[in-house]
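Participant: We have chain A; now place chain B with the ligands onto it with these hints.
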Amino acid sequence: MDKYSLMVPNFLPCKEYFDIKKNNACPGCGISLAVRHVYKAIEGLIEKATWEAPAACDLFGKKSALSIMKVKKDKAEVVICFDNEAGGKLEDAIVKKMPAVAVAQGYKYVATASPSYPFDLFDKVKKAIETEGKSYIHILCPCPVAWKFEPETTVKVGFKAVETLAFPLYEVGSGFYNVTIKTMQPKKLAVYLTAQERFEKLTAKEIEQAAATVEKEYGKLVENVQAK
Amino acid sequence: MEATKFTQKMVDCSLLDKGTASPFSPGDKRRGLPQWDKDRCIRCGICYLYCPDGAVYRTADGYFEADEKKCKGCGICHRECWFGVICMELEG
Ligand code: SF4
Ligand code: SF4
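So the protein sequences, as listed, match chains A and B. Note that my numbering has the first sequence beginning at 61, numbered continuously upward. Note that my numbering has the second sequence beginning at 1253, numbered continuously upward.
One chain only, chain A, in its complex shape:
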């Protein structure tokens, strides 16, 4: 089988920094997967990274129930938000306001990422620690317990969030505004919502409204991209 030379781990640092003994994550945790890849990207800075506990952290002047990690390197200051949508509301699941707030507050590099696209996530974190000034990365981490889906489908649910345009992956920096993972044929939003048992009580009408909101938000994003 030596003819297959494409070996995925060759593109990433192979050392594991994520310490299983120090975490109590559930099986199939999206945050674990995201943290594991973030750790690979910030090699050597892990000791200096600080965590802020959920519910206590202060993000853009608002209390939020999300885990925040802060990394500093020279002049770079990176805030990484691991969003597992602990609030559980539909509005929070389909519209992410924080990246837009960060752009408005003059952050130098703002990006959204998903652990289902590890290379994209890895590149974005690398870029952020090499950008002078403040950066913000918003990572959507599917949570099998709060969202109620099978732990083995964590990665699939992450794909669905991006493919239905509910959570488009983009990056904003000085002089560029890109959608990094382009979806050619978006799926229906219902595909993403029905994969999660927490939304099983939604009526068809509510899903339709949500789909309209998602479409509007994505339209805004496309406008921003074209304006640059």
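Worth double-checking, as some hints may not be accurate.
[Unchecked claim] Which residues of chain A face chain B? A few of them, derived with a C-beta cut under 7 angstroms, are:
| # | residue |
| --- | --- |
| 1 | PRO69 |
| 2 | GLU76 |
| 3 | PHE78 |
| 4 | SER92 |
[Stated by the list, open to error] Pairwise CB distance ranges (calculated):
| # | chain 1 | residue 1 | chain 2 | residue 2 | range |
| --- | --- | --- | --- | --- | --- |
| 5 | B | GLY1336 | A | GLN245 | 21 to 27 angstroms |
| 6 | B | GLU1317 | A | THR263 | 25 to 31 angstroms |
| 7 | B | ALA1312 | A | THR110 | 45 to 51 angstroms |
| 8 | A | THR273 | B | ALA1312 | 48 to 54 angstroms |
| 9 | A | GLU192 | B | TYR1315 | 40 to 46 angstroms |
| 10 | A | LYS242 | B | CYS1339 | 33 to 39 angstroms |
| 11 | B | GLU1341 | A | ALA109 | 33 to 39 angstroms |
| 12 | A | GLY279 | B | CYS1339 | 31 to 37 angstroms |
| 13 | B | GLU1317 | A | MET244 | 32 to 38 angstroms |
| 14 | A | ASP183 | B | GLU1317 | 25 to 31 angstroms |
| 15 | B | ASP1289 | A | GLY166 | 51 to 57 angstroms |
FYI, nobody ran anything at the bench for these hints, they're computed from the structure. By construction, the Cβ of each residue, glycine as well, lies at the ideal position given by its N, Cα and C atoms.
Facilitator: Chain B with the ligands in isolation, oriented as in the chain A frame:
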């Protein structure tokens, strides 16, 4: 095949509510250990890439295996492998 409801299936696992994982040491409560069928594996490493706990490691011959001390039995590797190389085997 009818999908098992999340809550039913999680009864034999440790988690019934949010934030209840820690007293149970999740690694001890797994539903099965992944087993690799080396004949079909192309050694692409996707299973390694998506394991949330870094339990999959590469052996000297280039194939992959799970560290049973780290694996929590979530089944992501089993689901993500394109060739269905990995199956989850229940333990004893
Ligand atoms: S994802 Fe499947 S084919 Fe690829 S290395 Fe893992 S077991 Fe082998
Ligand atoms: S079952 Fe989950 S924890 Fe175990 S090796 Fe596979 S992906 Fe990793």
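Participant: Now tell me if each hint is right for this structure.
Facilitator: Status of the hints after comparison with the structure:
1. PRO69: This interface hint holds because 4 angstroms falls under the 7 angstroms limit.
2. GLU76: 4 angstroms, holds
3. PHE78: Interface hint status for A:PHE78: holds (5 angstroms vs cutoff 7 angstroms).
4. SER92: Cβ of A:SER92 sits 4 angstroms from chain B, so the hint holds.
5. B:GLY1336 <-> A:GLN245: 21 to 27 angstroms: About 25 angstroms separates the Cβ atoms of B:GLY1336 and A:GLN245, which means 21 to 27 angstroms holds.
6. B:GLU1317 <-> A:THR263: 25 to 31 angstroms: With Cβ atoms ~47 angstroms apart, the hint is violated.
7. B:ALA1312 <-> A:THR110: 45 to 51 angstroms: Given about 38 angstroms between the Cβ atoms, the range is violated.
8. A:THR273 <-> B:ALA1312: 48 to 54 angstroms: 52 angstroms, holds
9. A:GLU192 <-> B:TYR1315: 40 to 46 angstroms: Holds, since A:GLU192 and B:TYR1315 (Cβ atoms, about 43 angstroms apart) stay within the stated range.
10. A:LYS242 <-> B:CYS1339: 33 to 39 angstroms: Distance hint for A:LYS242, B:CYS1339 holds at roughly 34 angstroms.
11. B:GLU1341 <-> A:ALA109: 33 to 39 angstroms: 37 angstroms, holds
12. A:GLY279 <-> B:CYS1339: 31 to 37 angstroms: 44 angstroms, violated
13. B:GLU1317 <-> A:MET244: 32 to 38 angstroms: The hinted range 32 to 38 angstroms holds for B:GLU1317 and A:MET244, with Cβ atoms some 36 angstroms apart.
14. A:ASP183 <-> B:GLU1317: 25 to 31 angstroms: Taking Cβ atoms as reference, A:ASP183 and B:GLU1317 lie about 28 angstroms apart, which means the hint holds.
15. B:ASP1289 <-> A:GLY166: 51 to 57 angstroms: 53 angstroms, holds
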